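Taken in order, these protein sequences are the chains called Z and P. The opening residue of the first sequence carries number 1 in the numbering used here; numbering runs sequentially from there. The opening residue of the second sequence carries number 375 in the numbering used here; numbering runs sequentially from there.
FYI, nobody ran anything at the bench for these hints, they're computed from the structure. Here the structure is a predicted model, which means the values were calculated and not measured. Just so you know, not all the hints are guaranteed correct.
Short derived list, chain Z residues pointing at chain P, Cβ under 8 Å [to be verified]:
1) 28
2) 32
3) 51
4) 69
5) 73
6) 74
7) 79
8) 82
9) 84
10) 86
11) 100
12) 104
13) 147
14) 265
Not close to chain P: a few residues of chain Z, all C-beta gaps over 12 Å, as computed [what the hints assert, rightly or not]:
15) 30
16) 194
17) 332
All residues carry an ideal CB built from backbone N, CA and C; glycine is no exception.
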Amino acid sequence: MKKIIELKNISKSFDGEKVLDSINLDIYDNEFITLLGPSGCGKTTTLRMIGGFEQPDQGDIIFMGERINDVPAHKRNVNTVFQKYALFPHLNVFENVAFPLREKKVPKDEIEQKVTEMLSLVMLSNFAKRRVTSLSGGQQQRVAIARALIAQPKVLLLDEPLGALDLKLRKDMQQELKKIQKATGITFVFVTHDQEEALTMSDTIVVMSEGRIQQIGTPIDIYNEPENAFVADFIGESNILDGVMIEDYKVHFSSHVFDCVDKGFAPKEPVDVVVRPEDVDITTEEKGMLKGVVTSVTFMGVHYEVIVDIGGFKWMIQTTDFVDVDEHIGLSIDPDAIHIMKKSEYSGMFGDYSTYSDEVDELQQLEEESEAEE
Amino acid sequence: MPQGRRPSAGLLAPYSIWAALFIVVPLVFVAYYAFTDNSFAFTFDNISRFFTATSVVDGQEVRTYMLIFWRSLKLAFISTIICLLFGYPLAYIMARSSEKAQKIMMTLIMIPMWMNFLIRTYAWMTILQDTGILNGLITAIGLRTVHIIGTESAVVIGMVYDYFPYMVLPIYSIMAKMDIKLIEAAKDLGCNNVSTLRRVIFPLSLPGVLSGITMVLIPSVSTFYISQKLGNGKFFLIGDAIEGQFVANNLHFAAAMAFILMVILLVMMAAMKYFTNRQVYGGSEA
Numbered sequence: 001m002k003k004i005i006e007l008k009n010i011s012k013s014f015d016g017e018k019v020l021d022s023i024n025l026d027i028y029d030n031e032f033i034t035l036l037g038p039s040g041c042g043k044t045t046t047l048r049m050i051g052g053f054e055q056p057d058q059g060d061i062i063f064m065g066e067r068i069n070d071v072p073a074h075k076r077n078v079n080t081v082f083q084k085y086a087l088f089p090h091l092n093v094f095e096n097v098a099f100p101l102r103e104k105k106v107p108k109d110e111i112e113q114k115v116t117e118m119l120s121l122v123m124l125s126n127f128a129k130r131r132v133t134s135l136s137g138g139q140q141q142r143v144a145i146a147r148a149l150i151a152q153p154k155v156l157l158l159d160e161p162l163g164a165l166d167l168k169l170r171k172d173m174q175q176e177l178k179k180i181q182k183a184t185g186i187t188f189v190f191v192t193h194d195q196e197e198a199l200t201m202s203d204t205i206v207v208m209s210e211g212r213i214q215q216i217g218t219p220i221d222i223y224n225e226p227e228n229a230f231v232a233d234f235i236g237e238s239n240i241l242d243g244v245m246i247e248d249y250k251v252h253f254s255s256h257v258f259d260c261v262d263k264g265f266a267p268k269e270p271v272d273v274v275v276r277p278e279d280v281d282i283t284t285e286e287k288g289m290l291k292g293v294v295t296s297v298t299f300m301g302v303h304y305e306v307i308v309d310i311g312g313f314k315w316m317i318q319t320t321d322f323v324d325v326d327e328h329i330g331l332s333i334d335p336d337a338i339h340i341m342k343k344s345e346y347s348g349m350f351g352d353y354s355t356y357s358d359e360v361d362e363l364q365q366l367e368e369e370s371e372a373e374e
Numbered sequence: 375m376p377q378g379r380r381p382s383a384g385l386l387a388p389y390s391i392w393a394a395l396f397i398v399v400p401l402v403f404v405a406y407y408a409f410t411d412n413s414f415a416f417t418f419d420n421i422s423r424f425f426t427a428t429s430v431v432d433g434q435e436v437r438t439y440m441l442i443f444w445r446s447l448k449l450a451f452i453s454t455i456i457c458l459l460f461g462y463p464l465a466y467i468m469a470r471s472s473e474k475a476q477k478i479m480m481t482l483i484m485i486p487m488w489m490n491f492l493i494r495t496y497a498w499m500t501i502l503q504d505t506g507i508l509n510g511l512i513t514a515i516g517l518r519t520v521h522i523i524g525t526e527s528a529v530v531i532g533m534v535y536d537y538f539p540y541m542v543l544p545i546y547s548i549m550a551k552m553d554i555k556l557i558e559a560a561k562d563l564g565c566n567n568v569s570t571l572r573r574v575i576f577p578l579s580l581p582g583v584l585s586g587i588t589m590v591l592i593p594s595v596s597t598f599y600i601s602q603k604l605g606n607g608k609f610f611l612i613g614d615a616i617e618g619q620f621v622a623n624n625l626h627f628a629a630a631m632a633f634i635l636m637v638i639l640l641v642m643m644a645a646m647k648y649f650t651n652r653q654v655y656g657g658s659e660a
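So here's chain Z without its partners, still in its complex pose (with noise of 0.2 Å):
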């Protein structure tokens, strides 16, 4: 494959604080790659980078070969689908879309066509004389990538394209944008917060945290193989917990040693360990290799989400077994479904369920305080 676009070392601050830190990205021909994290990690800083409307402190930005720090936005063959669309309101939907191509001075006749071509690809047809203000949001979103697209640029940025859609609509468009990426080969750098959207859309996903890359891989990679702790907590589901290798194969955590698939860690070298929450199993407390007290109980549609209490840990465990409050249970974990992960700056911040956002805990953190103070 052909890199297309290469980040090098590129860091970047705002107001002396720094937003990027040495982001060394490669992005190839045809892909669509995704940039996923928090808000505040980035991801929308290094897009708008690729676009021309920020420029690094420091690395460069190459495109096919060529550094392109200086190239101002309207030189790049990049185009941008902006989070709230940005279409011009002065100009009606087929207008909208000539907008590149009136730039370029193309032929009218030329324009007719392409345009014409281009709104039928994103299944507006019947739509070219109407005012942008009145459309939908969905169609607004699809005259954005028809805009964008029409230039046939090297490569697209969407910024949180879909983030303002409602959830059945964010599905079609999901599908629809993997299929005109598909039909038209273009690179698509996809910018968003929603890990799902990631790992059904993407190619590739590059996780980001505090203005760094946390990793690189496949979906399936990210999902089943996390670098740390953080991209463990943030892509999906996931139970943290402190843990030691005791020899290859063979990992010590909650008290209970574990028989897993992973090897060549340092004799007791401490570790990060993932359990997923579908893959643990209910069973009797007898036969458990732990042994907890279910606590709460929440009934999510396909399956029950079970916050179990294992030596003042809280796991979660989805299931589609019912337990009660207050049972008293044994589980059971699969050596698959054991992932090792080396220590890193992330461990002990995620993977506990007493809550599941920072916010709670941080309250309930103040509360305790002043609790003590009393």
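Based on these hints, arrange chain P on the given structure of chain Z.
Same frame as chain Z, but now just chain P:
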């Protein structure tokens, strides 16, 4: 009302009464006086006098009031265009400046408006006089004095100075609200700075330009004080004519002129509004 809730009639009443008493009734009176003679009998004489009255200027017979009217319109257009040429870039620069700079510039534009406009006009007299401040400066650097006071230029300077803020403020307020993403989108789609301005920023700022033009053109067409003080009374404008007839107690003819001026301005504004609406909201559904 976007929420579909209409304010109750009771709340609107004071404003309706105000509008009726101080806007509608006076307009009706203007129209009534315009179409009546001194004994309040219906007549077209006042109206036709405006279009047909003649006098001799420089040995030539001219239609007096048409001449005055065209002169007023010409000077008002020149002032409006000058205001637009200077006001538009200023508004653009202001809207793109830091918040602090915006506040400072806004205050600087507003300060002259806190002063009475008679005083402002007198100030311009002392500046522009043949022995005034401007000529003082010019002679100080060794150039020949210029004669400005009593020329059309002096009247235009006075108008531009007085009405400039009314051009800048509406354009600025629409530019400041403009979504920066639209400008980024234009650049993303291949526009350089000039074509971004031409194809996106300017069309979107047209409503502000339109209200700026309205707010400068109308008072400059009908001004009378500025022309008397800075034009040395040599450039009789339509406002002067109306004032003169009014002072001479020719109320009916004064009303007729005011009425005609109003109708012409209304037609001009309507035409301009129609034109910009088509520009701003393209498409057949507009």
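Outcome of the hint check:
1. 28: 22 Å, violated
2. 32: 20 Å, violated
3. 51: 6 Å, holds
4. 69: 16 Å, violated
5. 73: Holds, because the Cβ-Cβ distance from residue 73 of chain Z to chain P comes to roughly 4 Å (cut-off 8 Å).
6. 74: 5 Å, holds
7. 79: 6 Å, holds
8. 82: This interface hint holds because 5 Å falls under the 8 Å limit.
9. 84: Residue 84 of chain Z check passes; min Cβ-Cβ to chain P is 7 Å, inside 8 Å.
10. 86: 4 Å, holds
11. 100: 4 Å, holds
12. 104: OK, holds: residue 104 of chain Z within 8 Å of chain P, min 6 Å.
13. 147: 7 Å, holds
14. 265: Check failed: Cβ of residue 265 of chain Z comes no nearer than 48 Å to chain P, outside 8 Å.
15. 30: Given a closest Cβ separation of 21 Å, the condition holds.
16. 194: Fine: 21 Å to the nearest Cβ keeps residue 194 of chain Z off the interface.
17. 332: 53 Å, holds
Violation of the numbered hints given earlier is confined to hints 1, 2, 4 and 14; the remaining hints are satisfied by the structure.
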